[in-house]
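Please model the complete structure; the sequences and the hints are all you need to start from.
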Amino acid sequence: MHVDTGHNFSETIAFRDELIKKRGVKLIVASVQESIDKGRVEEESGIGSSRNALQTTSLLDAIEQYQFDCAIGGARRDEEKARAKERFFSHRDEKGQWDPKNQRPELWNLFNGKKKDGEHFRVFPISNWTEMDVWQYILQENLEIPKLYFSHQRECFVRDGILMAKTHFVQLAENEKVTLKKVRFRTIGDATCTGAFESDATTLEEIIDEVASSRITERGGRSDDKRSDSAMEDRKKQGYF
Amino acid sequence: MKNSQASYLDMDLLRFTTAGSVDDGKSTLIGRLLYDTKSIFEDQLASIKKVSEKKGKEGINLALLTDGLREEREQGITIDVAYRYFATPNRKFIIADTPGHFEFTRNMITGASTANLALILVDVTQGIVEQTKRHSFIASMLGISHIVYCINKMDLVNYSKEKFLQLKAELEQFSAKLNTKDVRFIPMSALHGDNVVKRSDKMNWYEGGTLLHTLENIHIASDYNHIDCRFPVQYVIDSGENRNAFAGRVAGGVFKKGDEVMLLPSRSVTRIKKIETMDREIQEAFSPMSVSIYLEDDIEIKRGDMIVRPNNSPKITQDFNAMICWLSDSPMQMNQKYLIQHTTNQGECFVEELKYKIDINTLHRIEKDTLIGANDIVRISIHSSVPFFVDRYDRNRNTGSIILIDAETNITVAAGMIL
Numbered sequence: 001m002h003v004d005t006g007h008n009f010s011e012t013i014a015f016r017d018e019l020i021k022k023r024g025v026k027l028i029v030a031s032v033q034e035s036i037d038k039g040r041v042e043e044e045s046g047i048g049s050s051r052n053a054l055q056t057t058s059l060l061d062a063i064e065q066y067q068f069d070c071a072i073g074g075a076r077r078d079e080e081k082a083r084a085k086e087r088f089f090s091h092r093d094e095k096g097q098w099d100p101k102n103q104r105p106e107l108w109n110l111f112n113g114k115k116k117d118g119e120h121f122r123v124f125p126i127s128n129w130t131e132m133d134v135w136q137y138i139l140q141e142n143l144e145i146p147k148l149y150f151s152h153q154r155e156c157f158v159r160d161g162i163l164m165a166k167t168h169f170v171q172l173a174e175n176e177k178v179t180l181k182k183v184r185f186r187t188i189g190d191a192t193c194t195g196a197f198e199s200d201a202t203t204l205e206e207i208i209d210e211v212a213s214s215r216i217t218e219r220g221g222r223s224d225d226k227r228s229d230s231a232m233e234d235r236k237k238q239g240y241f
Numbered sequence: 242m243k244n245s246q247a248s249y250l251d252m253d254l255l256r257f258t259t260a261g262s263v264d265d266g267k268s269t270l271i272g273r274l275l276y277d278t279k280s281i282f283e284d285q286l287a288s289i290k291k292v293s294e295k296k297g298k299e300g301i302n303l304a305l306l307t308d309g310l311r312e313e314r315e316q317g318i319t320i321d322v323a324y325r326y327f328a329t330p331n332r333k334f335i336i337a338d339t340p341g342h343f344e345f346t347r348n349m350i351t352g353a354s355t356a357n358l359a360l361i362l363v364d365v366t367q368g369i370v371e372q373t374k375r376h377s378f379i380a381s382m383l384g385i386s387h388i389v390y391c392i393n394k395m396d397l398v399n400y401s402k403e404k405f406l407q408l409k410a411e412l413e414q415f416s417a418k419l420n421t422k423d424v425r426f427i428p429m430s431a432l433h434g435d436n437v438v439k440r441s442d443k444m445n446w447y448e449g450g451t452l453l454h455t456l457e458n459i460h461i462a463s464d465y466n467h468i469d470c471r472f473p474v475q476y477v478i479d480s481g482e483n484r485n486a487f488a489g490r491v492a493g494g495v496f497k498k499g500d501e502v503m504l505l506p507s508r509s510v511t512r513i514k515k516i517e518t519m520d521r522e523i524q525e526a527f528s529p530m531s532v533s534i535y536l537e538d539d540i541e542i543k544r545g546d547m548i549v550r551p552n553n554s555p556k557i558t559q560d561f562n563a564m565i566c567w568l569s570d571s572p573m574q575m576n577q578k579y580l581i582q583h584t585t586n587q588g589e590c591f592v593e594e595l596k597y598k599i600d601i602n603t604l605h606r607i608e609k610d611t612l613i614g615a616n617d618i619v620r621i622s623i624h625s626s627v628p629f630f631v632d633r634y635d636r637n638r639n640t641g642s643i644i645l646i647d648a649e650t651n652i653t654v655a656a657g658m659i660l
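Line by line, the protein sequences give chains P and E. Residue 5 in the numbering used here sits at position 5 of the first sequence, and the numbers go up by one each step. Take the position in the second sequence, starting the count at 1, then add 241; the result is the number in the numbering used here.
Source of the hints: derived by calculation from the structure; they are not laboratory data. Any given hint might turn out to be false.
Unchecked claim - Just so you have them, the derived chain P footprint on chain E, three or more residues with Cβ under 8 Å: (1) 263–275; (2) 281–288; (3) 345–356; (4) 421–432; (5) 549–561.
Unchecked claim - Keeping only pairs whose Cα atoms sit at most 20 Å apart, straight-line, the calculated EDC-like set for lysine to aspartate or glutamate is: (6) E/K279 <-> P/D209; (7) E/K333 <-> P/D209; (8) E/K290 <-> E/D277; (9) E/K409 <-> E/D396; (10) P/K116 <-> E/E649; (11) P/K114 <-> E/D635; (12) P/K114 <-> E/D570; (13) E/K291 <-> P/D229; (14) E/K295 <-> P/D229; (15) E/K290 <-> P/D160; (16) E/K556 <-> E/E649; (17) P/K114 <-> E/D396; (18) P/K147 <-> P/E119; (19) E/K439 <-> E/D396; (20) P/K101 <-> E/E541; (21) P/K115 <-> E/E593; (22) E/K333 <-> P/D61; (23) P/K22 <-> E/D520; (24) P/K116 <-> E/D647.
Note that CB positions come from ideal geometry on N, CA and C, so glycine has one too.
Take a look at the structure:
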């Protein structure tokens with residue numbers, strides 16, 4: 001399942017569709033646009049608006065519709081301080097909420113997967129991997145990844161100290177100037193909240209060198225995390241992935 | 242650079258837990274360790290600087306790095322375990338930063354259950370407190386093979402050798418009663434960085450290594466048992482050419498193609514036809530590899546069954562003794578039905594007999610106390626509805642550990658180590 005805000009980079013969607021075709025599997029898309037159209041959520045407006053937080057409703061609606069027992073994802077503890085608190089098997093109540101102060105103890109490799117009807121789990125198998133582990137693994141297994149991770153030319157502008165890609169999803173303020181930069185992305189979310197980094201890395205080896213010497217965290221360019229000091233925790237409590 | 246990166250995936254990994262009482266300086270120590278190994282990123286530093294300034298506090302509060310929940314930052318305490326990652330050219334590290342408060346002991350145990358080493362902080366001005374003993378005992382009970390006592394706040398006692406030696410002697414006397422045999426002591430000041438990453442020039446009388454040096458060089462004995470073959474079946478693959486293929490994670494021993502194996506509970510004997518990982522056939526599999534084992538004969542197996550060797554079988558039993566740590570706020574009930582999980586197997590059980598409770602301060606047995614509540618450590622005997630295939634915890638953590646689950650609330654109420 002993919003929760004699609006409708007504001008994704010076109011490269012992301014193309015990669016997704018190609019991957020699904022190659023694997024021959026069925027893709028379920030939980031569409032934020034549909035949630036807006038149905039009146040389930042209200043779109044933010046103005047400069048700096050993002051559909052990031054709206055994803056939660058689309059995700060929870062889809063989990064309920066398809067009666068999923070668990071949603072498995074690639075979130076890692078080293079990404080962010082609230083994610084550092086996650087269990088491997090993380091319980092969500094019938095409203096999809098996370099209760100971080102009252103998590104089930106999780107010992108050894110014995111995962112308690114018991115739940116009541118309507119509840120579900122978020123399961124994070126690579127919780128203990130670091131950004132470096134991920135890149136080394138991609139290199140070792142020669143995995144395919146979207147081109148956005150490699151250095152490329154792109155029209156960008158600076159907002160709140162973060163280099164943002166110019167897309168038709170983003171409204172520019174008057175003083176924001178667009179320039180052509182050589183950039184790549186370290187994490188890829190919605191185009192409205194994912195910052196780019198200036199980089200010359202065009203191969204996996206060069207990306208690994210860059211990660212090893214970076215002084216900024218992987219999600220340092222994510223404006224969705226920066227809305228407040230508890231931005232991730234607050235969203236996760238409500239059911240954000 | 243290229244060389245060190247090429248080996249990054251294969252680098253030694255040390256998982257350690259940090260424990261100590263409130264205000265022993267645990268978060269400061271972790272902050273110091275990360276700061277001095279240059280593992281804190283600029284945006285993280287900027288973010289905690291901003292918060293520290295907002296609170297009107299001088300300097301940077303390094304504890305904000307690990308206290309990931311709003312309530313932890315507001316109250317200045319650690320509620321749940323947080324994981325942090327760093328690497329030096331010699332080793333990769335996973336830190337499980339665990340809470341010091343008594344009421345959050347269950348979270349401390351969550352962090353400690355997978356650790357190779359426990360750092361236990363002791364404030365030299367306070368000496369041994371109850372949490373020092375509790376954390377030491379839990380670390381030892383969980384089979385953690387190394388305990389490093391960080392004698393912290395040495396700056397407050399003028400870096401006194403006598404104070405250090407006196408506390409060390411007291412700790413030695415207590416820790417002699419524990420199962421953990423490798424116990425070390427490092428005098429330090431986390432606040433000023435003495436003996437954390439850099440050698441202190443104020444304690445020339447101390448001849449041992451710094452904390453980082455110890456963490457980088459301590460010998461990590463394998464947590465894995467490579468002697469007793471144990472393969473709990475996780476999933477039965479039953480399609481076309483994959484008949485008689487069983488997926489799971491090796492819990493002990495070495496399985497080889499052609500080996501004679503026995504299936505539990507049926508005790509049927511057959512041979513291994515083939516072993517596969519995700520994309521290829523392999524000749525042997527050992528803990529903790531996840532593989533599919535193909536058997537020669539068509540034998541009915543289900544999830545929770547176990548593949549072993551005919552001459553080396555775990556105990557097949559519905560009755561066993563365990564040391565458990567009670568994790569729930571509602572007290573343990575005799576003769577109440579609990580769910581029990583062991584490897585990939587589960588069933589129902591009840592506590593048949595309460596043998597004794599451990600007094601954390603003296604490590605003595607209390608035999609008369611029948612009220613067992615959160616954080617109590619007790620020896621019990623369990624009767625289960627189905628047979629389990631068990632080893633002693635000290636022989637094999639995978640096949641020697643259990644959890645108990647409340648059948649009503651689905652909450653994990655106890656963690657147990659089979660004796």
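Hint by hint, here is what the structure shows:
1. 263–275: Per the Cβ count (0), the hint is violated.
2. 281–288: holds (count 5)
3. 345–356: Our answer is that it holds, as 6 residues pass the Cβ test (under 8 Å) against chain P, meeting three.
4. 421–432: With 0 residues closer than 8 Å to chain P, the region 421–432 of chain E misses the three-residue bar; violated.
5. 549–561: violated (count 0)
6. E/K279 <-> P/D209: The given pair, whose Cα atoms are some 17 Å apart, holds under the 20 Å limit.
7. E/K333 <-> P/D209: holds (17 Å)
8. E/K290 <-> E/D277: holds (17 Å)
9. E/K409 <-> E/D396: The hint holds at about 17 Å.
10. P/K116 <-> E/E649: Distance ~9 Å between P/K116 and E/E649 Cα, so the pair holds.
11. P/K114 <-> E/D635: Distance of about 28 Å is beyond 20 Å: violated.
12. P/K114 <-> E/D570: Within the cut-off at roughly 19 Å; holds.
13. E/K291 <-> P/D229: holds (10 Å)
14. E/K295 <-> P/D229: holds (11 Å)
15. E/K290 <-> P/D160: holds (17 Å)
16. E/K556 <-> E/E649: Violated - the C-alpha atoms of E/E649 and E/K556 are around 30 Å apart, more than 20 Å.
17. P/K114 <-> E/D396: Not OK: P/K114 and E/D396 at ~49 Å, beyond 20 Å, violated.
18. P/K147 <-> P/E119: violated (37 Å)
19. E/K439 <-> E/D396: Holds: E/K439 and E/D396 sit about 15 Å apart, inside 20 Å.
20. P/K101 <-> E/E541: Violated, at roughly 44 Å.
21. P/K115 <-> E/E593: With a Cα-Cα distance of about 26 Å, the restraint between P/K115 and E/E593 is violated, given a limit of 20 Å.
22. E/K333 <-> P/D61: Not satisfied, since the Cα-Cα distance of roughly 40 Å exceeds 20 Å.
23. P/K22 <-> E/D520: holds (17 Å)
24. P/K116 <-> E/D647: Holds, because 12 Å separates the two Cα atoms, which is no more than 20 Å.
Checked against the numbered hints above, the structure breaks hints 1, 4, 5, 11, 16, 17, 18, 20, 21, 22 and satisfies the rest.
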